[in-house]
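> Residue-level listing of the chains:
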Amino acid sequence: MRQTFGVRSRVPSRADHILKPMGKPSTRYYLLLVTAGAVALWFFLAWGWQLRYGLVVTGLADWGTSGGVPWGIYIGLFIWWVGISHGGILISAGVRLFKLRVFYPVARLAELLTIGALSIAGLFIIIDLGRPDRVVTSVIRAYATTVHTSPLIWDVTVITLYFVLTATYLLLTIRHDIYHLGRRLPSYFAPLYRLLTHGYKPEEDKKVERMAWWLAFAVVILAPFLLHGGVIPWLFQLIASMPAWFSPIQAPTFLSIALTSAFGSVVLVAYVFRRVYGWTEIIPDKAFARMGSVLSLVGLFFLWFQLQAIITGAFAAPVGLRTATEAKVEDPIYWTAIVLVAAAVLYLGAQTIWSALFSVRRVVIASIAPVLATLFEKTLFIVEGLENPAFDIYKAVPGHYFPTWVEISSIFGAVAMLVLFFAIAAKVVPVIEVEAEHEE
Amino acid sequence: MLEWIGIPVGTWLVFGIILVPVLGMLAGWFLGKTRDFRLAFRGLAYLLTMTVVLWGGLFALSMLIQFVFFPP
Numbered sequence: 001m002r003q004t005f006g007v008r009s010r011v012p013s014r015a016d017h018i019l020k021p022m023g024k025p026s027t028r029y030y031l032l033l034v035t036a037g038a039v040a041l042w043f044f045l046a047w048g049w050q051l052r053y054g055l056v057v058t059g060l061a062d063w064g065t066s067g068g069v070p071w072g073i074y075i076g077l078f079i080w081w082v083g084i085s086h087g088g089i090l091i092s093a094g095v096r097l098f099k100l101r102v103f104y105p106v107a108r109l110a111e112l113l114t115i116g117a118l119s120i121a122g123l124f125i126i127i128d129l130g131r132p133d134r135v136v137t138s139v140i141r142a143y144a145t146t147v148h149t150s151p152l153i154w155d156v157t158v159i160t161l162y163f164v165l166t167a168t169y170l171l172l173t174i175r176h177d178i179y180h181l182g183r184r185l186p187s188y189f190a191p192l193y194r195l196l197t198h199g200y201k202p203e204e205d206k207k208v209e210r211m212a213w214w215l216a217f218a219v220v221i222l223a224p225f226l227l228h229g230g231v232i233p234w235l236f237q238l239i240a241s242m243p244a245w246f247s248p249i250q251a252p253t254f255l256s257i258a259l260t261s262a263f264g265s266v267v268l269v270a271y272v273f274r275r276v277y278g279w280t281e282i283i284p285d286k287a288f289a290r291m292g293s294v295l296s297l298v299g300l301f302f303l304w305f306q307l308q309a310i311i312t313g314a315f316a317a318p319v320g321l322r323t324a325t326e327a328k329v330e331d332p333i334y335w336t337a338i339v340l341v342a343a344a345v346l347y348l349g350a351q352t353i354w355s356a357l358f359s360v361r362r363v364v365i366a367s368i369a370p371v372l373a374t375l376f377e378k379t380l381f382i383v384e385g386l387e388n389p390a391f392d393i394y395k396a397v398p399g400h401y402f403p404t405w406v407e408i409s410s411i412f413g414a415v416a417m418l419v420l421f422f423a424i425a426a427k428v429v430p431v432i433e434v435e436a437e438h439e440e
Numbered sequence: 001m002l003e004w005i006g007i008p009v010g011t012w013l014v015f016g017i018i019l020v021p022v023l024g025m026l027a028g029w030f031l032g033k034t035r036d037f038r039l040a041f042r043g044l045a046y047l048l049t050m051t052v053v054l055w056g057g058l059f060a061l062s063m064l065i066q067f068v069f070f071p072p
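Chains as they are written, first to last, in my numbering: chain A, 1 to 440; chain B, 1 to 72.
One or more hints might be untrue.
[Stated by the list, open to error] With a straight-line cut-off of 30 angstroms between C-alpha atoms, the simulated DSSO-like cross-links for lysine-lysine are:
#	chain 1	residue 1	chain 2	residue 2
1	A	LYS207	B	LYS33
2	A	LYS395	A	LYS24
3	A	LYS20	A	LYS427
4	A	LYS427	A	LYS207
5	A	LYS206	B	LYS33
6	A	LYS99	A	LYS206
7	B	LYS33	A	LYS99
8	A	LYS24	A	LYS206
9	A	LYS395	A	LYS99
10	A	LYS201	A	LYS99
11	A	LYS286	A	LYS206
12	A	LYS201	B	LYS33
Think of the hints as simulated: they come from the structure by calculation, not from any bench.
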C-alpha cells in the first residue's frame, strides 16, 4: 500500500512530542546551523592548508621537531571518537538483548551518535595521512595481502563492520516509525521516506525485531571486545619498542575509557534534546539517573586500570616502562584527567546510593568531566608513548609535542560537524523510537 | 609463533574470530525461527549497500582531494 506523507491527522500526544524537532525551523535553529557551519568551514580551511603545504604544518610529518611524535592529537581524537561511538549501539543492545527499558527513550539518539561519531573518527584517520587521496586504492588493492599481517587493516575491517552493522540496525528499525508516523512527517522528504519504507508491511515488525536482536548480539560482541577491546588497542600494545604501550592491559583499559566517554556523551546529547524540545516525559529523569549510575561504574573501571598501570610502572619495572610511567605521572594533564573522572565517579556513585542527591542538571555536569578527561588521557597516551621509546635513535630530536592551530581547529570542527549531523538528522527522521503500544 | 598451524595471524583473527559474530547474526537471520527470507535478504542488501556507500563515499572524497590538491 502506498503511504501518504505530509497530511495532518489525529495521533497520540507522544507522537506530537516525537515530531517536534521536525517542525518548522526556528531562528535559533538557523543560528545554530550558521554557527556550527562556520566552525566546520574553518576546520576544512585548516585541513586544506595542511593538504596544500603538507603535514609539516603540524610538525607531524616525520619525527620532526615535536620530541619525536609523528602521531598527535589526530590519533588521540580518532580513538576518542570511536570510544564515543560505543554508547549508541551498546545502549540499543541493552534495550534489545537485556530488556533494559529505562534506556529505551535514548536508544535512537544513541544510535545516531554512533553513526556520527564513527564517521568523524574515520575522518581523523584520513586527516592524519600525508596523501589521503591514496587511502582507498591502497587499502582495497592490497587487502588480500595486508589482512594477514597488518593490525591497521584489522582495524579498518572491524570499523567497517561496526559502521555497516549500526547503519543496518538503524535502517531496519526506523521503517516501522516512518510508516506509522508517515502522514505527519514533512512532505518534502517524502521520496526519502518512500525509499526507507519500501516494501514495508506492518506484520514484519516482529520479524524485524528478531533481526535487530541478532544485530545487537553481533555488535555487543564486536564493538567492545573486538574493536575498542581489540583491534584499536592492538595498534599500540603490539609495538614492543614503546614501553608505555606494550602491555596486554591496554585492551581492557581502552575499553574502560571508551565506555566512560560513550555514556558521558549519550547523557549530554539526550540532555540537549530534552531541554530544547521540553522532553521531560519522553526522556524521564530515571533515564539520566541510570545512565549516571552506569557511567560511575565504567568510570570506576577506568580508574582501576589506571591504578594497575601506575603501580606496575612505578614499583620495580624495567627502565623503559619506568621512564614512560614517570613521564606520565609528572604531567599535570594526566592528573587533571584522573581528578575529573574521580569527581564524576564520586557524585554519580553517590546519587545511585542516595537518590536525594540526584538531579538531571548535576548528572549532566558530572558527565562533561569524563568526556573531557578521556580526550586528555588518550592524547597523552599517544604523545607520552611516542616520546619515551625503548631506543635512543631519536634522542636528539628537539622539542615537545604541542598541537598546532590546525590540529586544535580539528577538535572544534569535529564537534561542529556532529552538531550539524544531529541538527539535520533531527529534521529528517524521528530521533525517538515510536513504541508499539503508541501506534496509531 | 602463532603461525605453527600454517595460517597467518591476521587470517585466523579476521576470518576465524572477528567475523564470527557477524556470521552468527546472518545464521540467525536465515536459519533462526520466525525467519523471513525476504526480510533477511533485505537486511543483507542493507549490509552490502552500506559497505559500498562507506567505501564509495571515501573513494569520492579521496578523488576530490586528489583533484584539488594533488593534480596529476
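> With reference to the structure, classify each hint as holding or not holding.
Comparing the hints with the structure gives:
1. LYS207(A) to LYS33(B): Given pair LYS207(A), LYS33(B) holds - Cα atoms ~9 angstroms apart, limit 30 angstroms.
2. LYS395(A) to LYS24(A): Distance of about 60 angstroms is beyond 30 angstroms: violated.
3. LYS20(A) to LYS427(A): holds (9 angstroms)
4. LYS427(A) to LYS207(A): holds (28 angstroms)
5. LYS206(A) to LYS33(B): Satisfied, since the Cα-Cα distance of roughly 11 angstroms is no more than 30 angstroms.
6. LYS99(A) to LYS206(A): This hinted pair holds, its Cα atoms lying about 15 angstroms apart.
7. LYS33(B) to LYS99(A): Holds, because 20 angstroms separates the two Cα atoms, which is no more than 30 angstroms.
8. LYS24(A) to LYS206(A): violated (34 angstroms)
9. LYS395(A) to LYS99(A): violated (55 angstroms)
10. LYS201(A) to LYS99(A): Judged against 30 angstroms, a Cα distance of about 25 angstroms means the pair holds.
11. LYS286(A) to LYS206(A): With a Cα-Cα distance of about 28 angstroms, the restraint between LYS286(A) and LYS206(A) holds, given a limit of 30 angstroms.
12. LYS201(A) to LYS33(B): holds (19 angstroms)
This entry does not satisfy hints 2, 8, 9, going by the numbered hints stated previously.
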